[in-house]
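Given next are the chains, with one letter for each unit.
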Amino acid sequence: MWEQIRSNRFRSVILVAGIGILLLLVGYFLGLYFFNSGIGGLIIALIIWGVLNLVAYFQGDNIMLAVSRARKISRDDHPRLYNIVEEMKIASGLDRMPDIYIIDDPALNAFATGRDSNKTAVAITSGLLQKLNRDELQGVIGHEISHIKNRDVLLMAMCSVLLGTIVILAWYGSRFMFFSGATRTRRSSSSGGGLGQLLILVVAIVLMILAPIMAQLIYFAISRRREYLADASSALYTRYPEGLASALEKLAASTSQLKSANQATAPMYIINPLHKKGMSASDLTSTHPPTSERIRILRSMSGASFIDYDRAYQQVYRTRKNLIPASAATSTGVVSLRAARLEAVEEEPNELQRARHTSDLLWRFNNFKTITCDCGTKLRVPPKFKESTIKCPHCGRIHTV
Amino acid sequence: MIALYVVIGIVVILLIAFVVTYNGLVRLRNQLKNAWAQIDVQLKRRYDLIPNLMETVKGYMKHERETLEAVTKARNVAQQAASSGAGERAKAEGELTSALARLLVVVERYPDLKANQNFLALQEELTSTENKISFSRQYYNDSVLKYNNQTQMFPSNVVASMTGFKAGEFFEVAAAEERAAPKISFTQ
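Sequences listed follow chains P and G, in order.
Numbering-wise (this note's numbering), the first sequence opens with residue 1 and increments by one.
Numbering-wise (this note's numbering), the second sequence opens with residue 1 and increments by one.
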């Protein structure tokens, strides 16, 4: 099954090359228009691209984690989450255990970062940690781990840098063109070819308008494809697509939006953090496939292999198109599903317990001390508390801090 | 002269193909070894957890000596089988898994256990270790399948037989009932 990643990389490279060619075209024609030299434009485009790339390469992970205000946890903070991540790391055959972050936000979402395998992280919101049971959490973490395993983070970072460069070029290009309109006559008379100049002008304008849109559409197409693949991989790792399906159901039902997400970081989340209710199914301008379709595909899988996911995909969309290259799909044998754990319902901590556990964790993050009184009251002692003893407001017992 | 170049060209291409195939096989074999080491880590983790578990449940389960002894015995047998091949080891580990499952069914009858904090922590650890065992086995078996395909399919089988790559052994669990993770419902 691991060949799948390689053959899929090839397809992605073609799409990325598509955005790259768009960028070169924009640079070339803007250069031709402003300095009568396409090469000059190309050089400017490449310089902007290079600078953005450096920023993204060295700061991408930190920016992503900082923007979402995520906090790193250790094994003792939340053993269950840590164990689940470790399980998925083992199932996917990753070399290194990713860092685990928690975002203090009631919205339900999760994302993965890490462009190389030495520095990876998964982050989930505290809301999600409360809402999901073990199987569901496993499905979500499996999805995030496969973003890391399939190198999606690197791919999407490359795409968004290309896209960003195109947007910057088009934006400044159109401003300069508008304000320098008066000086055009002199230059066009000196270069002679009036018709040629007009043609360049038209091409430049069309490119400035269309290139950002087209690049964005390609970007979204890549993103949607990677989401399907991550779903398929999650099902393969957990052998239990129902876990992810039911997690997605909970995610889709929630209406709260993640405060810290934006257009640029959206593709890294498990469902589109900016989603609006009732978005049309075939929306070309979405980073994620419609969640209802993802759930239906997962639920109609008859096994856990990529072939089964592919069949379910064809069935749901009534198409003969392959999502996963045939060469990759055939390299796995029959992969049977794991039976549902009936006792999972009983053995699990219920939602209330999970909520308490998570809030304990968040208090601890904010340096609050928790003292459990014998009467069952939990005292949260703020970090600025100066006294050496504290009285329980409920029963009056005195505790030392 | 041209014929000579053609012959040299063919030899060079064959040589490159040989090296690439050989390296691919080595990579797969290393992946296999690594996957096996992963299973090993998790199985050892389970050996370590069992004495703890015994210590915790002993006080509550005075009338279940037989079940407890079966687990301890299965653990010792499994630990001794640790140095043998995948097939034999899988059998011993299968025994241990089903002995544990029997114990954990019996645990259901002791509601007092659910108040025990030690027990709750052990519950998560055991569930997770069982999961990790099955996930590492899953990854190992996938790796074996891929490696065996490479060693048996033409043309890589030529390289494999020339350089002495042998087929890997699957880590299969013996009986169907042992396939499921043991029921660990301490909190019930």
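These are computed hints drawn from the structure, not numbers from a lab.
All C-beta atoms, glycine included, are put in the ideal place defined by N, C-alpha and C.
Just to be clear, a hint being listed does not mean it is correct.
Unchecked claim - Residues from chain G shown here face chain P by an in silico Cβ test under 7 Å; the list is partial: (1) F119; (2) S128; (3) F135; (4) N141.
Stated by the list, open to error - Label-pair distances were calculated between CB atoms; the ranges are: (5) F58(P) - M162(G): 41 to 49 Å; (6) V55(P) - P111(G): 33 to 41 Å; (7) D95(P) - R109(G): 55 to 63 Å; (8) S161(G) - R96(P): 56 to 64 Å; (9) F368(P) - V20(G): 18 to 26 Å; (10) N118(P) - R27(G): 48 to 56 Å; (11) Q315(P) - P111(G): 44 to 52 Å; (12) Y57(P) - V6(G): 45 to 53 Å; (13) N76(G) - N118(P): 34 to 42 Å.
Claimed, not checked - From chain P, some residues computed to sit far from chain G (all C-beta separations above 12 Å): (14) P79; (15) E86; (16) M88; (17) S92; (18) I168; (19) L236; (20) E351; (21) C395.
Here is how each hint holds up against the structure:
no.	hint	verdict
1	F119	violated (12 Å)
2	S128	holds (4 Å)
3	F135	holds (4 Å)
4	N141	violated (9 Å)
5	F58(P) - M162(G): 41 to 49 Å	holds (47 Å)
6	V55(P) - P111(G): 33 to 41 Å	violated (59 Å)
7	D95(P) - R109(G): 55 to 63 Å	violated (44 Å)
8	S161(G) - R96(P): 56 to 64 Å	violated (35 Å)
9	F368(P) - V20(G): 18 to 26 Å	violated (59 Å)
10	N118(P) - R27(G): 48 to 56 Å	violated (19 Å)
11	Q315(P) - P111(G): 44 to 52 Å	holds (46 Å)
12	Y57(P) - V6(G): 45 to 53 Å	holds (46 Å)
13	N76(G) - N118(P): 34 to 42 Å	holds (40 Å)
14	P79	violated (6 Å)
15	E86	violated (7 Å)
16	M88	violated (8 Å)
17	S92	violated (8 Å)
18	I168	holds (42 Å)
19	L236	violated (9 Å)
20	E351	holds (14 Å)
21	C395	holds (21 Å)
The structure is inconsistent with the numbered hints 1, 4, 6, 7, 8, 9, 10, 14, 15, 16, 17, 19, although it conforms to all the rest.
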